[in-house]
Amino acid sequence: MASFTPALPREGERARPVLAWVPMRGDWILLALYAVGFWLAHGVAAPWGGTGYYSLWFPAAGVRLALLWRGGARLTIAAALVELLVDTIDGAVDPFGADRVLAIIGVVRPVVAYGLTVAAIRWLASGARAELLTAPMPFGLAAVLAPNMAALAALPQALLRPELTGVAGAHDVLLSLSDFAVGDLLGTLIVAPPLLWIADRLASREIPNFALRKAALAEAVGVLLASLLIAGTFTAAGLGLQPMPVLLATVWIGLRFGRAPAWMALVLVVALVLPQTAGATAAAARLQIHLALATVVVAGYLAGSFADAQAHARADLSRRDRLLFQAERLKTLRAMSVAVIHEVSQPLSTLAIEARHLHELSVGADPEIAAGAALIDRKAHALSDLVRRLRRFGGSAADQPSALPVSALLDTVSGLAQAEAKAARVRLEIDPGDPDLLVFAQEVELAQAAVNLVRNAVHACDDGVVRVDALKREEQVVISVHNRCAVRPRGAAGMGVGLLVARAIVEAHGGRIERQDADGLITHSILLPLAGEP
Amino acid sequence: MTDNPAVYVVDDDGDLGASVARLLTRHGYAAEPFSDPAPLLAIYAQSPAHCIVTDIMMGDIDGFGFADQLRRIDPAVAIVFMTAWPTTANAVDSVRRYGGLDYLEKPLDEDRLLAAVGEGVAWSRGRRAALARTAHLTPRERQVFELLVQGHPNKVVADRLGLSPKTVEDHRAAVLAKTGTNGLAQLIALAS
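As given, the protein sequences belong to chains A and B, one line each in that order.
Per the UniProt record's numbering, the very first residue in the first sequence carries number 1; after that it's consecutive.
Per the UniProt record's numbering, the very first residue in the second sequence carries number 1; after that it's consecutive.
It is worth saying that the hints were derived from the structure and are not from the lab.
One thing to keep in mind: the hints can contain errors.
As the list claims (entries may be wrong) - Going by beta-carbon spacing under 10 Å, a handful of chain B positions derived as facing chain A: (1) D13; (2) D15; (3) R22; (4) M57; (5) G59; (6) I61; (7) M82; (8) W85; (9) P107; (10) D109; (11) E110; (12) L113; (13) A115; (14) P165; (15) N182; (16) L184.
Said to hold, decoys possible - Derived contacts from chain B toward chain A, CB cut-off under 10 Å, selection only: (17) A18; (18) L23; (19) L131; (20) R133.
All of these numbers come straight from a predicted model, not from anything done at the bench.
Every residue gets a Cβ at the ideal spot worked out from N, C-alpha and C, and that includes glycine.
Sequences are here, hints too, so could you generate the full structure?
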């Protein structure tokens, strides 16, 4: 979320509204997995069930949050239908019974509450507001807020039709909703994180660091054991179940080592407590214990998330610093290049004039002399062209945007990127397309955007070929850079600034950059509005 | 002195100046290189040229300052600028403020240089011919000439100069005779 590598929209995503309730092709597998996971989790929860709520330990909530967090809030309706289906098969809900409407609402309501919470947190963590919520804090907040929102959403029905859930009176309503929230909280915080980590792992995304150094591991285990010992001593001394020592221990572990170790500590604690509260424990005592457990879990997980968010922010900051240094160095380099270009252009002028004259004189002379003179003339001219092009590219004065033939642009790109491609042993295939294709653009800037994409492709290229082409699609010009690519870019990878800069330039031109992956072929496309007829 | 149009090339890089001068000589110009504008300014009044090709970034006097001084000596010389540090602002200035005919970027585009010099020589010749034709007017005739080419009728000219319309009529005839023109339109063309 706080990464510098911009997430580019994939082909097809733009065409859909933000909340497209109908599942897409890839979602069906996810939903099928969800049905199985929800059913299993539901079964696991049964021993902690009670009156007026489903369970004081509700892992299905975690499965639900994981689905909505990964698939997006747009899957809310689909998730609700899946739950309805599973509950019907299970016999938990009778969609044809007398109270079917309320029963269905009872199933759908928490899902919608979860979906809305996920959407709200996602919104808060996006765009300019992202500064407030560094990853992984958004997920931590969603995991804590969603169960509470779901419990609150159940309040009206609990007050209006208490008999449906078999509770009566304000005390019972409060108790049942607390049970509900606590069960869901334990579920979201214990079950959703590992599911998301597995999904991230499968998608080759970054996952938190589980491997602690020996000293850190000893510290974490020591703190946790000591806290359990103290809590046990309190209980043995007749002071009841005191969550404070364990809470402090998990917060300690979270703040020191991040959310993965904190989560493991919490799993340990939950695994120690849950078997004791399963089955025939008195409802009030069980709620007490689970409330304490939920407190520990919330505090511990949020502490871990906070530490990870801090680490992310620090990493981003040092990355920004490095970018700044790099920018400063580039500025100096640019000034030096301009000076070099000036120094070169002076003698080159002389060389080019004399070479041409020599070439003209040598016509009819000894063939070897003539060929040599012709070669010198040609090279001097190629060099002059190069110097002129470099100077245009390095110049600071921004020209006015003008109608620019795409073929001319690609010609410039070819001239600027060819040398680097050759050095990387990559063949650059440029197909300029229709010569009448025009865009309204600032040439140097747009060339830079395209060169950045080509350079990225060259460095990520696997099979030694980068292809560039341009075509017209509806009222747009699409300039595409194709390369075959391994997961790991070879060679010294850049800092992701190239793409960032390219995107900023293209967006300033009223266009956008899209990325499309198909069978290992990666295509970055610059889409720009087509300029008027020539 | 031959009839070939005279061109001076000024560049603090002596090699480049000489090279450009030789190139122009090959194309039929009497071209001469200078690596410093000062000596050229010193001899210019004695041997004026049709066209000056000058660098902009030079030692003591830059190309623009040089152009200003040159214009004061000879309003009928064409100036072509060349530079290794092209900027949009300089390009605009060189044409609008300093009456440059073109603004050439180094490394030089030979064809464009030749085209610019050719155009400059033609312009300079026309300008010189026009100046030569008005050179023999008396001060009074020049006053009449200048008001006439601004489009004023004889009566207004007479009023402005405090002369009688008949006298203005005589001056007008003299101006037409001395400049070899036959009408106001040709006079205006001469003045522009």
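Hints, one by one, checked against the model:
1. Annotation: interface hint on B/D13 holds; nearest CB of chain A at approximately 5 Å, less than 10 Å.
2. Because the closest C-beta pair between B/D15 and chain A is about 5 Å apart, less than 10 Å, the hint holds.
3. Taking 10 Å as the C-beta contact cut-off toward chain A, the hint placing B/R22 at the interface holds, the least distance being around 7 Å.
4. Taken as an interface hint, B/M57 checks out: its beta carbon lies about 9 Å from the nearest beta carbon of chain A, inside 10 Å.
5. Given hint, B/G59 at the interface with chain A, is violated; its Cβ is 14 Å from that chain's nearest Cβ, farther than 10 Å.
6. With 10 Å as the threshold, the beta carbon of B/I61 stays out of range of chain A, its nearest partner Cβ sitting at about 18 Å, so the hint is violated.
7. Given hint, B/M82 at the interface with chain A, holds; its Cβ is 8 Å from that chain's nearest Cβ, closer than 10 Å.
8. Interface restraint check: B/W85 against chain A, minimum CB-CB distance 6 Å, threshold 10 Å, status holds.
9. The interface hint given for B/P107 is met, as the beta carbon of that residue sits about 4 Å from the closest beta carbon of chain A, less than 10 Å.
10. A hinted interface residue such as B/D109 counts as satisfied when its beta carbon comes closer than 10 Å to some beta carbon of chain A; here the least separation is about 8 Å, so the hint holds.
11. Annotation: B/E110 was flagged as interfacial toward chain A, and the flag holds, the nearest CB pair being 6 Å apart, inside 10 Å.
12. With a cut of 10 Å, the hint placing B/L113 at the interface with chain A holds, because the nearest CB-to-CB distance is about 9 Å.
13. Because the closest C-beta pair between B/A115 and chain A is about 15 Å apart, greater than 10 Å, the hint is violated.
14. The beta carbon of B/P165 comes no nearer than 54 Å to any beta carbon in chain A, farther than 10 Å, and the hint placing it at the interface is violated.
15. Restraint check, B/N182 versus chain A: the minimum CB separation of about 47 Å is more than 10 Å; hint violated.
16. Hint status for B/L184: violated, given a least beta-carbon distance of 42 Å to chain A, over 10 Å.
17. For B/A18, the interface hint holds, the least distance from its beta-carbon to any beta-carbon of chain A being 8 Å, beneath 10 Å.
18. The closest approach between the C-beta of B/L23 and any C-beta of chain A is roughly 5 Å, which is under the 10 Å cut-off, so the hint is satisfied.
19. With its C-beta approaching chain A no nearer than about 33 Å, B/L131 sits outside the 10 Å limit, and its interface hint is violated.
20. Evaluation of the B/R133 hint against chain A yields a violated restraint, the C-beta minimum of about 38 Å exceeding 10 Å.
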